[in-house]
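Each chain is listed here by its residues.
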Amino acid sequence: AQSVTQLGSHVSVSEGALVLLRCNYSSSVPPYLFWYVQYPNQGLQLLLKYTSAATLVKGINGFEAEFKKSETSFHLTKPSAHMSDAAEYFCAVSANRDDKIIFGKGTRLHILP
Amino acid sequence: EAEVAQSPRYKITEKSQAVAFWCDPISGHATLYWYRQILGQGPELLVQFQDESVVDDSQLPKDRFSAERLKGVDSTLKIQPAELGDSAMYLCASSLDMLAVQETQYFGPGTRLLVL
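Protein chains in written order, with the numbering used here: chain A, -4 to 108; chain B, 7 to 122.
Honestly, the hints are just simulated from the structure, not real lab data. Quick reminder that beta carbons are idealized off the backbone N, C-alpha and C, glycines included. One thing to keep in mind: the hints can contain errors.
In silico lysine-lysine, DSS-like type, Cα no more than 30 Å apart, as pairs [to be verified]:
no.	chain 1	residue 1	chain 2	residue 2
1	A	Lys100	A	Lys63
2	A	Lys95	B	Lys77
3	A	Lys100	B	Lys68
4	A	Lys100	A	Lys53
5	A	Lys95	B	Lys17
Just a few of them, taken from the derived set where beta-carbon distance is under 8 Å, the chain B residues facing chain A [stated by the list, open to error]:
no.	residue
6	Gln47
7	Gly48
8	Pro49
9	Leu51
10	Gln54
11	Asp62
12	Leu97
13	Thr110
14	Phe113
15	Gly114
16	Pro115
17	Gly116
When you get a sec, could you build the whole thing from the sequences and use the hints?
Shown next as structure tokens:
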């Protein structure tokens, strides 16, 4: 069965600092991997997705993630945090094209002024 | 920009009562999903429709939950009777194609349910 583990339910970074949100996956087959963002009282918005093409995936709002098979990781990064990045971030995995998406428990990102 | 619409945004009910949530997906999206998101956790798929047909309802508590998408457009999720543990955010999402997980799922704003 597929699963993702997000390390740290809360992460705080200073404005302008590097953002690093960690995600490790478990999958018996090459996975599809996703990062979603959820702002308060809103639905989820796709940030980026890995579908077995380039291992470094660029998304919206300056975020990117790198697929590392050897580490079974798909960490999300952004070089410089902005106050508007404060939100909850979910890593998700799917086993193949028509399998359902399994979400992690989420990491709440706090931006310190 | 087209959006997934959900109503109501908030619902407070007493246990043992019936509740219903409505979702209108983006026009032309054949696939519709209902998720439940308990506070502090990620969304969990309850049911997935392709047009009017259910393709996955393995996590739907069928003794009290039901979902329909009669004309393959909008959808209703019902809980009867509601229990305290049903308090959660109920999210609807849609995508163009079920068979392409690479397709982006677009989420609605959700319905936050509180059962007293």
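Hint check:
With a CA separation close to 21 Å, the supplied pair Lys100/A and Lys63/A stays within the 30 Å bound. Our distance criterion of 30 Å between C-alpha atoms is met by Lys95/A and Lys77/B, whose separation comes to about 23 Å. For the given pair, Lys100/A sits about 24 Å from Lys68/B by alpha-carbon distance, which is consistent with the 30 Å threshold. Of the supplied pair hints, the one linking Lys100/A and Lys53/A holds, its CA atoms being roughly 22 Å apart against a limit of 30 Å.
A distance of roughly 27 Å separates the Cα atoms of Lys95/A and Lys17/B; the hinted pair therefore holds under the 30 Å criterion. Here the hint on Gln47/B is kept, as its CB sits about 5 Å from the closest CB of chain A, short of 8 Å. Satisfaction of the interface hint for Gly48/B is found here, the shortest Cβ-Cβ separation to chain A being roughly 3 Å, below the 8 Å cut-off. At its closest, the beta carbon of Pro49/B sits 5 Å from a beta carbon of chain A; the interface hint therefore holds under the 8 Å criterion.
For Leu51/B, the suggested interface contact is upheld, since its CB lies about 5 Å from the closest CB of chain A, less than 8 Å. Because the beta carbon of Gln54/B sits about 7 Å from the nearest beta carbon in chain A, less than 8 Å, this interface hint is met. For Asp62/B, the interface hint holds, the least distance from its beta-carbon to any beta-carbon of chain A being 6 Å, beneath 8 Å. The criterion of a C-beta within 8 Å of any C-beta in chain A is met by Leu97/B, whose closest approach is roughly 6 Å, and the hint holds.
Using the Cβ-Cβ criterion of 8 Å, the hint placing Thr110/B at the interface with chain A is satisfied: the shortest such distance is roughly 5 Å. Of the supplied interface hints, the one on Phe113/B holds, with its beta-carbon coming within about 3 Å of a beta-carbon of chain A, less than 8 Å. At about 5 Å, the closest approach between the beta carbon of Gly114/B and any beta carbon in chain A falls short of 8 Å, and the interface hint on this residue holds. This hint holds: Pro115/B has a C-beta 5 Å from the nearest C-beta of chain A, less than the 8 Å allowed.
Interface restraint check: Gly116/B against chain A, minimum CB-CB distance 5 Å, threshold 8 Å, status holds.
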